[in-house]
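One letter stands for each residue in the lines below.
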Amino acid sequence: MAQADIQLQIPSAAFYIEPVRAFVGNLAQSLGFSRKRVADIQLVLDEICSNAVHHGSADPTVGVKLCMRIDTHALEILVRDTGARHAGEKNWLTHDRLSEIEMNRSPSNERGHGIFIVKSLSDMHEMRPNEAGGTDVRVVFRFSKPRDVEI
Amino acid sequence: MDSTKLMKLREESGIKIIEIKTDLSSYAASDLRKVLEGLLAEKVEKVVVNLSQVSHINSTAVGALVGVAKRLRQSGGDLKICALADNLTRTFNLIGASSVVEIYESENSALAAF
Chain A
1 MAQADIQLQI PSAAFYIEPV RAFVGNLAQS LGFSRKRVAD IQLVLDEICS NAVHHGSADP
61 TVGVKLCMRI DTHALEILVR DTGARHAGEK NWLTHDRLSE IEMNRSPSNE RGHGIFIVKS
121 LSDMHEMRPN EAGGTDVRVV FRFSKPRDVE I
Chain B
152 MDSTKLMKLR EESGIKIIEI KTDLSSYAAS DLRKVLEGLL AEKVEKVVVN LSQVSHINST
212 AVGALVGVAK RLRQSGGDLK ICALADNLTR TFNLIGASSV VEIYESENSA LAAF
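For the record, the sequence lines run as chains A and B.
At the far end of the first sequence sits residue 151, using this note's numbering, and the numbering has no gaps.
At the far end of the second sequence sits residue 265, using this note's numbering, and the numbering has no gaps.
Keep in mind that the hints were calculated from the coordinates and are not lab data.
We put the beta carbon where it would ideally sit given N, CA and C, even for glycine.
Check each hint, because a few of them may be wrong.
Said to hold, decoys possible - Simulated pairs of lysine to aspartate or glutamate, EDC-like, Cα-Cα distance not exceeding 16 Å:
#, chain 1, residue 1, chain 2, residue 2
1, B, Lys167, B, Glu258
2, B, Lys221, A, Asp71
3, A, Lys36, B, Asp237
4, A, Lys145, A, Asp96
5, B, Lys194, B, Glu162
6, B, Lys197, B, Asp237
7, B, Lys197, B, Asp153
8, B, Lys185, A, Asp71
9, B, Lys172, B, Asp153
Unchecked claim - Computed from the model, here is a short list of chain A residues facing chain B with C-beta under 7 Å:
#, residue
10, Pro19
11, Arg21
12, Phe23
13, His113
14, Pro129
15, Asp148
Same shape as in the complex, but just chain A (with noise of 0.2 Å):
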């Protein structure tokens, strides 16, 4: 199957996350995605990044990766950062912490309102540890037709 992929590293830093939403947004209006949905693929990148930055490495340097994925059903994204943010300290995002963040999500809440946005918002996600010690969140939105790759 005909697919295209991109990748980014940005420094761990949230600065860095405005210049790569507002690519991601070009990329989705570009493949044709709905503004509203448009809107949906920036909100859900930019907590997967928010959460990649703050909890996922200590060092600026380290950096988080995004990997994005089109073919001709769906733009894929995924995030990957490095590490726990503290030396000793596992990946941020473990089973037992996803289900204390779901179980205690309150809209009166400032925190803990990210993951439920990518639940929400996206076609498919899913978050597991990788290899580097850090986490992986890959997310998946559909077109609304199938739809060619530019190559």
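Put chain B on the given structure of chain A with help from the hints.
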């Protein structure tokens, strides 16, 4: 870059108005929190946040607004939000924050609600 420069503060009838002229992703959300914390430190009680020039907001920024609204209410004040684009309204509704913070169509209606 310091995005607090894109958060203009003014006052009308004793109500502080923050007009935000930048999208609120993670970096700017942190600056928004600083601006709001500054108002709390000044003992400001009534705040309107005008989001008419904002096309994106993430959960960190929504959380900052919710947190400050709750703290202001404890001292008899409040924080109200106005002029949200459709996608911002959807984000507030999705999180459930629209049931916690009062949202108005225009700055004038938010000011009048105090």
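These are the hints, each one checked on the structure:
1. Our distance criterion of 16 Å between C-alpha atoms is met by Lys167/B and Glu258/B, whose separation comes to about 12 Å.
2. Between the alpha carbons of Lys221/B and Asp71/A the distance comes to roughly 45 Å, so the proposed pair goes past 16 Å and is violated.
3. Distance hint between Lys36/A and Asp237/B is fulfilled; the C-alpha atoms sit about 9 Å from each other, no more than 16 Å.
4. Taking the CA atoms of Lys145/A and Asp96/A, the gap is near 37 Å; set against the 16 Å cutoff, the hint is violated.
5. Proposed proximity of Lys194/B and Glu162/B is supported: the alpha carbons are some 14 Å apart, at most 16 Å.
6. Restraint check for Lys197/B and Asp237/B: not satisfied, since their Cα atoms lie roughly 25 Å apart, outside the 16 Å limit.
7. Of the pairs offered as hints, the one joining Lys197/B and Asp153/B is violated, with about 25 Å between alpha carbons and a cut-off of 16 Å exceeded.
8. The suggested pairing of Lys185/B with Asp71/A is violated, with an alpha-carbon distance near 42 Å, which exceeds 16 Å.
9. Restraint check for Lys172/B and Asp153/B: satisfied, since their Cα atoms lie roughly 12 Å apart, inside the 16 Å limit.
10. With a cut of 7 Å, the hint placing Pro19/A at the interface with chain B is violated, because the nearest CB-to-CB distance is about 10 Å.
11. For Arg21/A, the interface hint holds, since its Cβ comes within 7 Å of a Cβ in chain B; the closest pair sits about 6 Å apart.
12. This hint is violated: Phe23/A has a C-beta 13 Å from the nearest C-beta of chain B, more than the 7 Å allowed.
13. Interface hint status for His113/A: upheld, as the beta-carbon distance to the closest one in chain B is roughly 4 Å, under 7 Å.
14. Using the Cβ-Cβ criterion of 7 Å, the hint placing Pro129/A at the interface with chain B is not satisfied: the shortest such distance is roughly 23 Å.
15. Given hint, Asp148/A at the interface with chain B, is violated; its Cβ is 28 Å from that chain's nearest Cβ, farther than 7 Å.
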